[in-house]
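**Student:** Each chain, letter by letter, is given below.
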Amino acid sequence: MIVNESMKVVSHRLLARNIYELVLEGELVKEISAPGQFVHVKVGSGIDPLLRRPISIAEHNQKEKKMSLIYRAEGKGTMQLSLVGAGGRVDVLGPLGNGFDVQQGEGRKALLIGGGIGVPPLYGLSKSLRNNGWEVKHVLGFQEEAVSFYEDKFRELGPTHIATVDGSLGRKGFVTDVIENESIQYDQFFACGPNPMLKALQDRLSGNGFLSLEERMGCGIGACFACVCHLADDPEGTDYVKVCSDGPVFPVGVVAL
Amino acid sequence: MIVNESMKVVSHRLLARNIYELVLEGELVKEISAPGQFVHVKVGSGIDPLLRRPISIAEHNQKEKKMSLIYRAEGKGTMQLSLVGAGGRVDVLGPLGNGFDVQQGEGRKALLIGGGIGVPPLYGLSKSLRNNGWEVKHVLGFQEEAVSFYEDKFRELGPTHIATVDGSLGRKGFVTDVIENESIQYDQFFACGPNPMLKALQDRLSGNGFLSLEERMGCGIGACFACVCHLADDPEGTDYVKVCSDGPVFPVGVVAL
Amino acid sequence: MTRLQIELPGLSLKNPIMPASGCFGFGREYSQFYDLSELGAIMIKATTEHPRFGNPTPRVAETNAGMLNAIGLQNPGLVSVMEKELPWLSQFDVPIIANVAGSQMEDYVHVAREISKVPNVHALELNISCPNVKTGGIAFGTIPEVAMELTRKVKAVSEVPLYVKLSPNVSNIVEMAKAVELGGADGLTMINTLLGMRLDLKTGRPILANKTGGLSGPAIKPVAIRMIYEVSQAVDLPIIGMGGVESAEDVIEYFHAGASAVAVGTANFVDPFICKKIIHELPALLDELNVDHISQLTGRSWRKHEQAVYRP
Amino acid sequence: MTRLQIELPGLSLKNPIMPASGCFGFGREYSQFYDLSELGAIMIKATTEHPRFGNPTPRVAETNAGMLNAIGLQNPGLVSVMEKELPWLSQFDVPIIANVAGSQMEDYVHVAREISKVPNVHALELNISCPNVKTGGIAFGTIPEVAMELTRKVKAVSEVPLYVKLSPNVSNIVEMAKAVELGGADGLTMINTLLGMRLDLKTGRPILANKTGGLSGPAIKPVAIRMIYEVSQAVDLPIIGMGGVESAEDVIEYFHAGASAVAVGTANFVDPFICKKIIHELPALLDELNVDHISQLTGRSWRKHEQAVYRP
Ligand SMILES: Cc1cc2nc3c(=O)[nH]c(=O)nc-3n(C[C@H](O)[C@H](O)[C@H](O)COP(=O)(O)OP(=O)(O)OC[C@H]3O[C@@H](n4cnc5c(N)ncnc54)[C@H](O)[C@@H]3O)c2cc1C
Ligand SMILES: Cc1cc2nc3c(=O)[nH]c(=O)nc-3n(C[C@H](O)[C@H](O)[C@H](O)COP(=O)(O)OP(=O)(O)OC[C@H]3O[C@@H](n4cnc5c(N)ncnc54)[C@H](O)[C@@H]3O)c2cc1C
Ligand SMILES: Cc1cc2nc3c(=O)[nH]c(=O)nc-3n(C[C@H](O)[C@H](O)[C@H](O)COP(=O)(O)O)c2cc1C
Ligand SMILES: Cc1cc2nc3c(=O)[nH]c(=O)nc-3n(C[C@H](O)[C@H](O)[C@H](O)COP(=O)(O)O)c2cc1C
Ligand code: FES
Ligand code: FES
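If you read the protein sequences in the order shown, they are chains A, B, C and D. According to our numbering, the first sequence holds residues 1 to 257 in order. According to our numbering, the second sequence holds residues 1 to 257 in order. According to our numbering, the third sequence holds residues 1 to 312 in order. According to our numbering, the fourth sequence holds residues 1 to 312 in order.
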């Protein structure tokens, strides 16, 4: 069930340059059903900014009723969000969308590929996969070291490769370079990041995979048709999926990127 | 000189229902030249609300660089202002306008008449008049007891009559009723309050007096022509005064009310 | 709740609040949040003869106190709306206002004729004002003669009363309103979005793939209020007002301006419960304003005397 | 600072930032805050033949991210502006753009002829778009033929280049722009305010004594950007853009849309230093955007290729 709750800020800290980790507590957490779901956050109580901001759930803990969001403070809304202190409240609508389908995977190999602010939901996903018996490997891409985060936390879960555009951390280049150069083996891949990255993965990686998409949103719940995508097998047609309610996660090859 | 300063909130407290006293500290205070001047307050740093709010300076202390504002939290801007805590900052433009002309008045009798949120500037004025040798009396009108404030502080300075519309404090009725019934004597009167009250005083009180006017404002500094008034001796003409820069205080009889 | 009840051509409204077309889909999503039978009516997403995908994404962009959209009338087409969406909606005790769109007069006529036969469709809303569709759209909404002609043709085939949705992107809104009144409209809905645009700071390019889009939200309310104020004095048609409504107070402002009911668009995206909340807040606000029935407020901004009106 | 320098008909601008007409009086008040010589130009308050008091108060009302005004062209009249205000302004090294208004063609012609003779008046801004004046005003700003005719007459008598200020309250802004181009305009300024209204919750009456007023501020920026985007592609006139500008980023957006200079209106009321601040922030923003000269950005939203242009 989707709920609208004024959630309590448990902690709020700077992880890297302009990158914040926000831990929230509330009943909404009980409704989270899969990693990769997101929430729609209203910043402030007025009309500035007007719209909610979609942010992925990075990790959640049903028992403690806590979840964490990791976001980049860049525009008007996220900058304002970054000013909310511990003990404050944040208006959250969620959980939204369908997350990653994490099946039992005894001994199977998962490759998690994240780019920039697409990295956060992979953390919860990775934990979840591990709990379901998968072996996990991560390839994370960042612009530069200064905006990278959670490297250690990912390493605790499995082998982790980092790529940065400027080479300041890990390998210089893109996630695709790492995957190809290291010829990483996997049974299934899971990716979240900017659409050009996802397109490259969809075009170049073999095998089963899931992609988590990003699109500008209005309602976040499937009503406004802001976030539709054409289907890969009919890129000019009238069939579509909505990123907010049919996604944001889709099996590779479904959506025209 | 008019300055724009992010002033420090020294204290901020509820005086009566929806009535707040806000004490601010900063260099701006040095520029205040007369009681009755006002400041233009920007609430929040964004576009909601967009415009500044004019608020009278209730009292100021040059040495301590402190001034107090007393305002009613009613609409969008003042409600938001009321949430700023001690230690916070408020964006203030001022001092604006010409205040009351407080001359030496050894033994002369001043009658100060205030209505509702027109009462605040009279407090600083009363102190100032006393310092200049005047005897002061006050007639203060409020809607009801629950929104009245500063009665004791005015009493410390001189005899104080209260009128409330519902009779819950002092005499039931308007300030004009009190003045007429008590046949209060004065050499000069000073008034601030809603325009209908000022109009009644201008029409009915004899002798010298000063009125502090209210008008919706744009710029607050004389540039936008939002706050102009016709002159009493030419109510249809093209001559005018601006409440923000020529006022808000005018000698009785100058402005067409 | 009888003090909120409103009778308009074809529409017996429990209350004057309804979601605006395009901001509530066909109701399915919002039915997760509350019982749609609580609404006065539902204005469904524009329906065209054939399914439409609409414009490429990005289709929305935020602006100061508003948003731009260039959805481009995406909808599953007449057949699907009639066979799937409207029957699904019939489980709720709420009248449907079907928003009808097209690129040519014949399209409108066809959709109107068919969709007006569906039992839970109690009125049509003729969308002559969508700023995001190139072909014909502009002429329909900005040239009085064309709007009159289209209204007449659609009215001739519709089995239910016809409301015409006016575009604010015109020099003279009163002239447009009079034209569609002459054309036989039973009511007006206003306003649709203002045509606007936002550019990316870095690339300089439009943020919307469609380049321009329709501006909605709180920013446009003063324009809508002004237009309803002008039009309600000039025509004899009831008006369903919209544009930036976010609160019960906004609803009252629309009534004062001359509206007889109010639609809520963009605000649904910010708060999915908003229509329900407003409906629940209205009675207390009427108490505060000392008003028995909300319809007494219609046109109060321009009525000469406080007239005693309507006691249900 | 040469990277901000702009040459427009009649105007040699140190930088492309100027206060918009009616939002800066005749400069006296703002001269308390900074040296007016820092400005690119100053658009002074509308001047009419005779002194005008304007409309009754209240004349302003706040709206969501905007404000309404119905000043009604209050000004001290041509003689006083020529004898007092303009000579006072001549102490500053800044070109003046005189905003010319009237109720009849002859008024405009008279004011334009006289005021254009004053040495520090480098250009005229023909105000055919004030929404707050009843007589004639509407026709001048919304009927292309009338606008063209007025432009032609004023151009014939003006000693300095003529910019025509367009009203956004029209169905077809491009048609208006083309008409005044044909009429001989040397440039355009756009946009004036959108006609809007606000009603009091309790009384139901308009907050402005004039009832309706002009909407300005951040709320209208998307409409202005869209109109400049359309017009700049359709005419060969330079455009001074305005509407809700509050920051250096907003200025860049206007250039991208097609403007060659930008005026700041309402924002002066919020921050009296805003024009100066924007001027000082622009160079760093140009660095960030990797642009040598601000004029390179004009029309970038619609230019096919990144063209190499203008190096001063
Ligand atoms: C399903 C989904 C999950 C996301 N998860 C995360 C996350 O975990 N961490 C994170 O940092 N970011 C995430 N994003 C991106 C995030 O939504 C945007 O960065 C954010 O909305 C920008 O808001 P702003 O106030 O900074 O920018 P502004 O420029 O003020 O935004 C203006 C408008 O554009 C929209 N917008 C701007 N950039 C984007 C974008 N890249 N994607 C979608 N809408 C955008 C905003 O939502 C808003 O409506 C996610 C996006 C989607 C669709
Ligand atoms: C010279 C002067 C001195 C004032 N001194 C005081 C004071 O000491 N204490 C106090 O409580 N109030 C004072 N006021 C009135 C105060 O400015 C308004 O109550 C306040 O602006 C309302 O803002 P809001 O956010 O509550 O209302 P909103 O309804 O959000 O205001 C909307 C707009 O209308 C304007 N407005 C609304 N009511 C008034 C009003 N009565 N007068 C002028 N503008 C108004 C606001 O400034 C704003 O631009 C003074 C007004 C003036 C002109
Ligand atoms: C995303 C979106 C889609 C819309 N789609 C339609 C539509 O299909 N048909 C229509 O007549 N109006 C459509 N509109 C306009 C709204 O119905 C409404 O007239 C407008 O948004 C103003 O109201 P608001 O400010 O409350 O949103 C749409 C508006 C938005 C924001
Ligand atoms: C209080 C006020 C007075 C104005 N007076 C004039 C005027 O005299 N002549 C004119 O052409 N425009 C006038 N305008 C319009 C502005 O010049 C400008 O076109 C408009 O406000 C949009 O810019 P902004 O959003 O930056 O304010 C006035 C605007 C305001 C707010
Ligand atoms: S954001 Fe509204 S349908 Fe996806
Ligand atoms: S408020 Fe602008 S002139 Fe007084």
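If you're looking for bench data, these hints aren't it; they were derived computationally from the structure. All C-beta atoms in this analysis are idealised placements derived from N, C-alpha and C, irrespective of residue type, glycine included. It cannot be assumed that every hint is accurate.
Simulated restraints on C-beta separations [claimed, not checked]: (1) LEU83(B) x ARG152(C): 50 to 58 Å; (2) GLU249(D) x GLU106(A): 49 to 57 Å; (3) ASP239(A) x ARG152(C): 43 to 51 Å; (4) GLY75(B) x SER33(A): 51 to 59 Å; (5) ALA284(D) x GLY107(A): 53 to 61 Å; (6) VAL174(C) x ASP239(A): 56 to 64 Å.
Computed list of lysine-lysine pairs in BS3-like fashion (alpha-carbon distance at most 27 Å, straight line) [what the hints assert, rightly or not]: (7) LYS211(C) x LYS304(D); (8) LYS76(B) x LYS202(D); (9) LYS76(B) x LYS127(B); (10) LYS14(C) x LYS211(C); (11) LYS14(C) x LYS117(C); (12) LYS211(D) x LYS304(C); (13) LYS117(D) x LYS84(D); (14) LYS172(A) x LYS14(C); (15) LYS199(A) x LYS202(C); (16) LYS84(D) x LYS8(B); (17) LYS172(B) x LYS117(D); (18) LYS211(C) x LYS178(D); (19) LYS30(B) x LYS202(D).
Covered, in the sense of this in silico footprint (three residues per stretch, anywhere, with C-beta under 8 Å from a C-beta of chain C), are these stretches of chain A [unchecked claim]: (20) 92–100; (21) 131–138; (22) 150–156.
**Student:** Taking 27 Å as the top limit, are the C-alpha atoms of LYS172(A) and LYS14(C) close enough?
**Tutor:** violated, 64 Å
**Student:** Against the 27 Å threshold, does the CA-CA distance of LYS211(C) and LYS304(D) hold or violate the hint?
**Tutor:** Holds - the C-alpha atoms of LYS304(D) and LYS211(C) are around 14 Å apart, at most 27 Å.
**Student:** Look at the Cβ atoms of LEU83(B) and ARG152(C) and judge whether their distance stays inside 50 to 58 Å.
**Tutor:** holds, 55 Å
**Student:** Just to be careful, I want the Cα atoms of LYS117(D) and LYS84(D) compared with a cutoff of 27 Å; is the pair within it?
**Tutor:** Holds. LYS117(D) to LYS84(D) sits at ~15 Å (cutoff 27 Å).
**Student:** Can you confirm whether chain C covers the stretch 131–138 of chain A, using C-beta to C-beta distances below 8 Å and requiring at least three such residues?
**Tutor:** Coverage by chain C is violated for the stretch 131–138 of chain A (0 residues, Cβ < 8 Å).
**Student:** Counting residues of the stretch 92–100 of chain A that have a beta-carbon nearer than 8 Å to any beta-carbon of chain C, does the count reach 3?
**Tutor:** It is violated, with 1 qualifying residues against the three required.
**Student:** Taking the Cβ atom of ALA284(D) and the Cβ atom of GLY107(A), is their distance within the range 53 to 61 Å?
**Tutor:** holds, 56 Å
**Student:** Holds or violated: the 56 to 64 Å window for the beta-carbon distance between VAL174(C) and ASP239(A)?
**Tutor:** violated, 43 Å
**Student:** Can you confirm whether the C-alpha distance between LYS84(D) and LYS8(B) stays at or below 27 Å?
**Tutor:** violated, 41 Å
**Student:** Regarding the pair LYS30(B) and LYS202(D), is the alpha-carbon distance no greater than 27 Å?
**Tutor:** Status violated; Cα separation ~41 Å.
**Student:** Holds or violated: LYS211(C) and LYS178(D), Cα atoms, limit 27 Å.
**Tutor:** holds, 22 Å
**Student:** Would the hint linking LYS76(B) and LYS127(B) be met if the CA-CA limit is 27 Å?
**Tutor:** With a Cα-Cα distance of about 32 Å, the restraint between LYS76(B) and LYS127(B) is violated, given a limit of 27 Å.
The structure shown violates the earlier hints numbered 3, 4, 6, 9, 10, 14, 16, 17, 19, 20, 21 and 22.
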